[in-house]
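S.K.: Here the sequence shown stands for residues 1 to 231, numbered as in the working numbering.
These are computed hints drawn from the structure, not numbers from a lab.
Careful, some of the hints might be misleading.
Restricting the straight-line Cα-Cα distance to at most 35 Å, the calculated cross-link-like pairs of lysine-lysine (DSBU-like) are [as the list claims (entries may be wrong)]:
1. Lys99 / Lys157
2. Lys195 / Lys205
3. Lys225 / Lys153
4. Lys99 / Lys162
5. Lys99 / Lys217
6. Lys162 / Lys195
7. Lys205 / Lys153
8. Lys137 / Lys214
9. Lys99 / Lys134
10. Lys137 / Lys83
11. Lys137 / Lys48
12. Lys18 / Lys48
13. Lys137 / Lys195
14. Lys195 / Lys217
15. Lys159 / Lys195
16. Lys99 / Lys195
17. Lys225 / Lys195
18. Lys159 / Lys137
19. Lys134 / Lys162
20. Lys137 / Lys29
21. Lys83 / Lys29
22. Lys134 / Lys214
23. Lys99 / Lys29
24. Lys157 / Lys225
25. Lys195 / Lys134
26. Lys134 / Lys205
27. Lys162 / Lys217
28. Lys195 / Lys157
29. Lys137 / Lys18
30. Lys225 / Lys159
31. Lys157 / Lys134
32. Lys162 / Lys18
33. Lys134 / Lys217
34. Lys137 / Lys99
35. Lys205 / Lys217
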Amino acid sequence: DGKVVLHQITLIEGWNFKQMMQAVQQNSKISHTLAGQSDEQIMRGIGKSELHPEGQFLPDTYTFSRNITDRELLITAHNALQKSLQSAWEGRVEGLPLKTPYEALTLASIVEKETGVASERPLIAGVFTTRLRKNMKLQTDPTVIYGMGDQFKGNIKRKHLKQDTPYNTYVHRGLTPTPISMPGQAAINAVMHPKEEGYLYFVAKGDGSHYFSKTLKEHNNAVRKYQLGQN
1 DGKVVLHQIT
11 LIEGWNFKQM
21 MQAVQQNSKI
31 SHTLAGQSDE
41 QIMRGIGKSE
51 LHPEGQFLPD
61 TYTFSRNITD
71 RELLITAHNA
81 LQKSLQSAWE
91 GRVEGLPLKT
101 PYEALTLASI
111 VEKETGVASE
121 RPLIAGVFTT
131 RLRKNMKLQT
141 DPTVIYGMGD
151 QFKGNIKRKH
161 LKQDTPYNTY
171 VHRGLTPTPI
181 SMPGQAAINA
191 VMHPKEEGYL
201 YFVAKGDGSH
211 YFSKTLKEHN
221 NAVRKYQLGQ
231 N
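Throw the hints in and build the complete structure from the sequences for me.
M.R.: If you want it as structure tokens, here you go:
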């Protein structure tokens, strides 16, 4: 009677392109036409050869009928990202230190990797926005980890913060060359509407949330309290 069985795949916020492709290729309900292809070949295959793949697909749950191709799914997810990003860009607050939607996407990918606490995203976006205004280095660990690639073994060390990769924001000022993950809609919105309250630093408190500081002295005290266990 014409009924079609529908299937779903969920692309998770914060995944990088490699993780996303693994999830797509492991889904048995998807017809795989891109297996074994390079990132460049994949992007050429969806008609976007000029784009770096990182961050170009919107994390969401996608519903599809059996035997949709991986190429068709990627096109759908990319178009969803472009629509979402453009809409958010057009509604952004005035005066952001971001020149293009791509720069906003790149910053959103960093915010996405820094916190899973929804209420903190605008504050963290505010810290990075303030740092960009002051021409301060972003100094964010997820960019170091992304730049290390397969060298990262789960523990970031002081020597890694000095390792010169294009993505290391302890070494280089400004944004990374490309996004470092797939930012969700909330992270994109946070970057377009950051809460700039004078904070320049934040440190993880160990419960998933962060302590925000306006001065280096306050930040160092917070690091001792929350990271080193000193009162």
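S.K.: Take the hints in turn and mark each one as holding or not.
M.R.: Tested hints:
no. : hint            : result
1   : Lys99 / Lys157  : holds (33 Å)
2   : Lys195 / Lys205 : holds (20 Å)
3   : Lys225 / Lys153 : holds (26 Å)
4   : Lys99 / Lys162  : holds (28 Å)
5   : Lys99 / Lys217  : holds (32 Å)
6   : Lys162 / Lys195 : holds (30 Å)
7   : Lys205 / Lys153 : holds (23 Å)
8   : Lys137 / Lys214 : holds (15 Å)
9   : Lys99 / Lys134  : holds (16 Å)
10  : Lys137 / Lys83  : holds (30 Å)
11  : Lys137 / Lys48  : holds (31 Å)
12  : Lys18 / Lys48   : holds (17 Å)
13  : Lys137 / Lys195 : holds (19 Å)
14  : Lys195 / Lys217 : holds (22 Å)
15  : Lys159 / Lys195 : holds (32 Å)
16  : Lys99 / Lys195  : holds (19 Å)
17  : Lys225 / Lys195 : holds (25 Å)
18  : Lys159 / Lys137 : holds (17 Å)
19  : Lys134 / Lys162 : holds (22 Å)
20  : Lys137 / Lys29  : violated (44 Å)
21  : Lys83 / Lys29   : holds (26 Å)
22  : Lys134 / Lys214 : holds (13 Å)
23  : Lys99 / Lys29   : violated (40 Å)
24  : Lys157 / Lys225 : holds (19 Å)
25  : Lys195 / Lys134 : holds (16 Å)
26  : Lys134 / Lys205 : holds (26 Å)
27  : Lys162 / Lys217 : holds (22 Å)
28  : Lys195 / Lys157 : holds (30 Å)
29  : Lys137 / Lys18  : holds (27 Å)
30  : Lys225 / Lys159 : holds (23 Å)
31  : Lys157 / Lys134 : holds (27 Å)
32  : Lys162 / Lys18  : holds (25 Å)
33  : Lys134 / Lys217 : holds (18 Å)
34  : Lys137 / Lys99  : holds (18 Å)
35  : Lys205 / Lys217 : holds (17 Å)
Hint violations for this structure: numbers 20 and 23, all remaining hints satisfied.
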